[in-house]
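Can you join these two chains into the complex? Each is in its own frame, and there are hints to help.
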Amino acid sequence: MSEETKNPITEKIESTKGGHFYKEIMKDFRIKESLHGCLNCGTCVANCPAAAFYDYSPREVCQMIIEGDEETIEEYMKGKIWNCAQCYSCKYRCPKENSAADIVMAMREIAVREGLAAEALAGYTRIAKLVLTRGNQLAPDMLSPDAFPDWGPRMIELSSKKMEMREELFEGFPGMNVVDRAWAAEDYTIYEMQKIWEESGALEKVGTVFPFLVDIVQEDMEDKAEEMEAKIQEKKEKLEASKK
Amino acid sequence: MKTVLVIGGGVTGLKAASELAGMGYNVSLVEKEDYLGGQVVKHKYYKLAPDLRPAGDVIDPVIKAVESNSNIKVHKHSRVVAVSGNAPEFKAKIKNSKGESEETFGAIVVATGFEHFDPIVKQEYGYGRFKDVVTNSEVEEMLNPNGPTKGELKRPSDGKVPKKIAIFQCVGSRDKQVGNPYCCRVGCVVSTKQAIEIKEKCPDSEVYVYYMDMRMFGRGWEELYGKAMEDYEVIFTRGRGAEVTLKNQQLSLRAEETVMNRPIQHSVDMIILAAGIAAGDGTIDAAKVLGIKQNDYGFLAPKDDFLSPNESSKAGIYIAGADKGPLDIENCIVEGAAVAAKVASNLKN
Ligand SMILES: Cc1cc2nc3c(=O)[nH]c(=O)nc-3n(C[C@H](O)[C@H](O)[C@H](O)COP(=O)(O)OP(=O)(O)OC[C@H]3O[C@@H](n4cnc5c(N)ncnc54)[C@H](O)[C@@H]3O)c2cc1C
Ligand code: SF4
Ligand code: SF4
Ligand code: SF4
Numbered sequence: 000m001s002e003e004t005k006n007p008i009t010e011k012i013e014s015t016k017g018g019h020f021y022k023e024i025m026k027d028f029r030i031k032e033s034l035h036g037c038l039n040c041g042t043c044v045a046n047c048p049a050a051a052f053y054d055y056s057p058r059e060v061c062q063m064i065i066e067g068d069e070e071t072i073e074e075y076m077k078g079k080i081w082n083c084a085q086c087y088s089c090k091y092r093c094p095k096e097n098s099a100a101d102i103v104m105a106m107r108e109i110a111v112r113e114g115l116a117a118e119a120l121a122g123y124t125r126i127a128k129l130v131l132t133r134g135n136q137l138a139p140d141m142l143s144p145d146a147f148p149d150w151g152p153r154m155i156e157l158s159s160k161k162m163e164m165r166e167e168l169f170e171g172f173p174g175m176n177v178v179d180r181a182w183a184a185e186d187y188t189i190y191e192m193q194k195i196w197e198e199s200g201a202l203e204k205v206g207t208v209f210p211f212l213v214d215i216v217q218e219d220m221e222d223k224a225e226e227m228e229a230k231i232q233e234k235k236e237k238l239e240a241s242k243k
Numbered sequence: 000m001k002t003v004l005v006i007g008g009g010v011t012g013l014k015a016a017s018e019l020a021g022m023g024y025n026v027s028l029v030e031k032e033d034y035l036g037g038q039v040v041k042h043k044y045y046k047l048a049p050d051l052r053p054a055g056d057v058i059d060p061v062i063k064a065v066e067s068n069s070n071i072k073v074h075k076h077s078r079v080v081a082v083s084g085n086a087p088e089f090k091a092k093i094k095n096s097k098g099e100s101e102e103t104f105g106a107i108v109v110a111t112g113f114e115h116f117d118p119i120v121k122q123e124y125g126y127g128r129f130k131d132v133v134t135n136s137e138v139e140e141m142l143n144p145n146g147p148t149k150g151e152l153k154r155p156s157d158g159k160v161p162k163k164i165a166i167f168q169c170v171g172s173r174d175k176q177v178g179n180p181y182c183c184r185v186g187c188v189v190s191t192k193q194a195i196e197i198k199e200k201c202p203d204s205e206v207y208v209y210y211m212d213m214r215m216f217g218r219g220w221e222e223l224y225g226k227a228m229e230d231y232e233v234i235f236t237r238g239r240g241a242e243v244t245l246k247n248q249q250l251s252l253r254a255e256e257t258v259m260n261r262p263i264q265h266s267v268d269m270i271i272l273a274a275g276i277a278a279g280d281g282t283i284d285a286a287k288v289l290g291i292k293q294n295d296y297g298f299l300a301p302k303d304d305f306l307s308p309n310e311s312s313k314a315g316i317y318i319a320g321a322d323k324g325p326l327d328i329e330n331c332i333v334e335g336a337a338v339a340a341k342v343a344s345n346l347k348n
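Chains as they are written, first to last, in numbering that gives the first Met the number 0: chain A, 0 to 243; chain B, 0 to 348.
Next up, chain B with everything else stripped away, as it sits in the complex (with noise of 0.2 angstroms):
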C-alpha cells in the first residue's frame, strides 16, 4: 500500500488526509506552522456563516479525525523543500528545525490554502495609518470570547466600543488598480455575518455595508443577508468605499450612493475592510518546489477546469481547496473528500 504526502494542514487538507487514511493509505501531512486548522484557527474565526454555528463544532472534529488516526503522520512546522521522482513514485524531503528527511510518495496533494489581502496596499482606505481601520479577519479575533479582546468589540484607538460601523466590501478584490480582478466569494457573506453578530453584541450600533454587489450565491446565504436586512437593520449601501480620511480623531469616508445618484461623506466610528483573498507565499511555494501550473494571479491551475479539477499540470500531483482560488469552508470539505477519492482511484490502478 502506497503513502500519500498531504501539504497544508487547513480544513481541505485535513479532509483529504483523513479521508485517505479511511480508506486504508498511509499519509504524512506537512504544515508549516505549528497548529492544525490553516485560516480558521490562525485568525480565531467564531462563528461560521450563514448559520452562525460555532467554527470550533467544524474545525475541531476535523483535526482530532487526523490526530486520532495512527495511519496519519502529522509533521508541525515543517515544510517540503524538494520532491523529486515521478508518479507514482515521489521522493520528498520534509525540513523542520530538528532537521531534514526523506520520504517516499505514491501521491502528493496540495493543500496550502490562501493568505488574506494586505491593504495597505489600497493607501486610501489608511488601513495602517488610522488604528481604527481594521480587516475582517482582524474582527473575527475580536469577535472570539478566546480573541484579544475577550469577544468584546472594540476600537483599538481607545478600546471603546464603536457606535456607528462601516464594512467595506471587495477590498483588494475586483479591483484591476491592485492586480485582482477576481472575486473574493466569501467577502459578502462574511461581513453579513459580522453585521449581524456586532448588531446582536450592541443593538443600539448603527452597521453600514458598502457594496457593489452583493454576492450571495451559497447555501442559506442569501436567506442570511435578508436577516440582517429585516431583523438586524443592517444598512447597505450601494456604492463602493472610496477613500478614508481622519478629522479631528474622526474617520470620515467618502463613496457614491449610486443608487440616489450623489456623492457622501460619513463618519464613523470604525471601518471593517472585507479583505480579499491571495494566493499565499505557502502556495507560491509549493508550487516552485513541485513545479507545477498557477494561473495569473498564482493560484494553483487544475490540469483541465471542467474534467480534472482536482489533478495539477503534472501526474501524481493533486490540488484542491483555495489554493486553487477563493472557496468557503463547506466546499473545501467537499474538495478535501473529493481529492482524496481521485488520489485512491489512480493509485489502485
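In isolation and in its complexed conformation, chain A is listed as follows (with noise of 0.2 angstroms):
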C-alpha cells in the first residue's frame, strides 16, 4: 500500500515496536523481573488507587511495553505514567507476578533523564522548591481539597481547620508553628543538605527537569556560604581538638 492510500485508523497496526525509548527502557534490569506477559485480567486496576480516580491503568501500562509502539510509549513517559503512587498493590496481586510499579520506576527515570518529563512534573514545581531550599517537601498550605481527589468528607473536614490545629498543637515550638513549610530545619543543616546535593550529581539531576531551580539553590547557597563556611572551619577545629 502507498504513502497516501494509508487507512488513517488501522495505520497504528504495522508495529514500530524497537524504537530508542522502547530500547532504553528493556535494557533496564527490572523489566524482566516485572513483566512475565499478560492475562489482561484487570486485577491490578481493580486493586490500583491511582486507576480509581485518574486516566491510568496498570494494564495499559505492561501492555504497552509488550507491544513496544515508540509513540505510545513517549506519550506515557511525558503524561500517564506520573499518575502512579507507587503503593505497589498491582505487584502484590498480579496473577502473572507483573510489577507495573517496578515498570513505571524505571520508564520514570528514563523520562528525566531524556527530558520528557518536565511538562509532567511542572506540578510538583512547590513541591521540589521546598525540598530544594528548605528540606520538606509538603507545607501544610499546599494541602487542599482541590489537589487530592482522593480524599473523603472527614479529612476535608480535618484539612479546612489544619491552621487552628497546628497552633494549638505546636504552641511554644517555634520551628514547629509554620505554615509554609513542614517544620524550620536550620539553615546550617539545610546548607549541609544542599551541599550533599551539589557534590552527588543529584542537583545537576534535578537540572533536567526543573533548570531554575538550580539557580535558585546555588543563590541560596552562595548567600550564606562566608557564614556556613566559617561554621564547617570552627566544627572540624572542634573535632580536631577534641581529638588531641
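Just so you know, the hints here were simulated from the structure itself, not pulled from any lab data.
Backbone N, C-alpha and C fix where the C-beta goes; we use that ideal spot for every residue, glycine too.
All the pointers check out, no bait thrown in.
If you anchor each label on the Cβ, the simulated ranges turn out as follows: (1) B:Met259 / A:Gly36: 18 to 28 angstroms; (2) B:Asp212 / A:Lys128: 43 to 53 angstroms; (3) A:Pro144 / B:Gly150: 52 to 62 angstroms; (4) A:Ser159 / B:Asp203: 39 to 49 angstroms.
The structure is reproduced here in C-alpha cells:
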C-alpha cells in the first residue's frame, strides 16, 4: 500500500516496536523481572488507587511495553506514568507476578534522563523548590481538597481546621508553628543537605527537569556560604581539638 | 488369572474396575471414604454440564456396575499403606479400622482424583471471613434437593434468597501467586451451568460472571454458554474478580471491566468462587506409597504424555482420571476404560 492510501484508523497496526525509548526501557534490569506476559485480567487496575481517580491503568502500562509502540511509550513517559502512587498493590495481586510499579519506576528514570518529564512534573515545582530550599516537601498551606481528589469528607473537614489545630498543637515550638513548610530546619542543616546534592550530582539531575531551581539553590547557597563555611571550619577545628 | 488393585473409588476408578472385571479379571477396589463415587458424591453434584442431566443418572449406574459384580471386592474406608515387589507381582498392605491384610496383585491402577482448591489462601476474596462468599462445590450441594438447604439457593448469613449473585472464575487457577499457573478446565462450564440453574430457580435474580476467558472446549459447552447469555440473560463481564469487602452488611466486589477500560465496584448479595482443582492429599499419599513420579503441581506424571498416557513412571503401575490433572467426568470415564484396556493387554503378554 502506498503512503497516500493508508487507512488513518488501521495505520497504527503497523508496529513501530524497537524504537529508542523502547530499547532504553528494555535495557533496565527491572523489566525482565516485572513482566511475564499479561492475561489482561484487570486485577491490577481493580486494586490500583491511581486508576480509581485518574486516566491511568497499570494493565495498559504492561500492554504498552509488550506492544512496544514508540509513539505510545513516549506519550506515556510524558504523561500517564506520573499518576502512579508507587504503592505496589498491582505487584502483590497480579496472577502473572508482574509489577507495573517497577516498570513505571524504570520509565520515570528514563523519562527524566531523556528530558521527557518536564511538563508532567511542572505541577511539582513548589514541592521540588521546598525540598531544595527548606528540606521538606509538603507545607500545610499546600494541602487542600482540590489538590487531592481522593480525600473523603473527614479529611476535607480536618483540612479546613488545620491552621488552628497546628497553632494549638505546636504552641511553644517555634520551629513547628509555620505554615509555609512542615517544620523549620536550621540553616546549617539545609546548607549541608544542599552541598550533598551538589556533590553527589543529584542537583544536576534535578536541573534536567527544573533548570531554574538549580539557580535558586545555588543563589541560596551563595548567600549563606561565608557564614556556613566558617561554621564548618569551626566544627572541624573542634573535632581536631577533641582528638588530641 | 491375575488380580488388579484399583486405588480410588471415584468415577474413574469405578469405570476401570468394572471394565477389568468385565474382561474376567478379579479386582480389589480400595476407597478411603465410606462411600463410592468420589467428588461427585461427596459434594452432592446435582446436575451435570453440559446437558443438565441429573448426576445420579451417570454415577449410579457406574457404582452399581461395581457393587453388583462378584469379581470386584470393594474395600471402603481403607488405604493402601505399603507396596512391595515389581510387575507383575506386587504385594500390597490394605489397612482399615479393623486391621491390615496383604494381597498379591498383577497390576495397580491409581485413580485417586483431585481436591478442590481451598480459597482461604486467596485472602482478598474473604472466603472464611464473609459468610456469603461460597465455593462452587458448596453451591452444588445447595442446588441438590437432598442437600443441606433442600435444593433452595439461600445466603448462608441470613437464609434469604440472594437477588444479585456474582461468580468469580479462576479462583486458585491461572494464578502464579498461589503456585497454580494451570487452568482448572471445568470451572467455566460448571459456573455457566450453575448460573443457568440459579436463573431457573429464581428468574428475577441477576447473575454476573467475572471471567478472563470462557474456556468452552468440551462437547456442548459453547452451546451452553450461548444459552446462558441468550435464554437466561446471565451477564458475563470480562475482568477477574479482584477483591471483596463487606460494607454495612453488603458484599462489595472490585474488578476491572477490561473491555470498557474502567475499574468498578459492585454490590452483590452472594459471591460464588469457581475454586480450581488441586492434587489432593490422597493422590500425593498414593504417589509416596507407590514411589511414582508427580509433576510440578503434585499431579501424577505419565511415563510419556503422548505415547503412554496411562502408565506411571513405574512398570505395572497405571494412572487415570483427575489425579493426572483437571479433567471432566466424560473424559474420566474414557480414561477409566482406557486404563483397563492397557492393563489387560499388558497382563496378557
Ligand atoms: C464444582 C465442580 C462441579 C463439577 N461438575 C462437573 C460436571 O457437571 N460435568 C463434568 O463432566 N465434570 C464436572 N466436574 C469434574 C468432576 O468432578 C471430575 O471429572 C471427576 O470427579 C473426577 O473423577 P475421578 O474419579 O478421577 O476423581 P475423584 O472424583 O476425585 O475420585 C477419587 C476417589 O479416590 C479416593 N481416594 C483419593 N486418594 C485415595 C487414597 N490414597 N486411597 C484410597 N482412596 C483414595 C477419593 O476419596 C475419591 O473417592 C466438576 C468439578 C467441580 C469442581
Ligand atoms: S504501584 Fe502504581 S500502578 Fe501499581 S497499584 Fe499502586 S498506583 Fe497503581
Ligand atoms: S494483574 Fe497482571 S496479568 Fe492481570 S492485567 Fe494486570 S498486569 Fe496483566
Ligand atoms: S476452566 Fe475457566 S475457571 Fe477454570 S481456570 Fe480455566 S478459565 Fe479459569
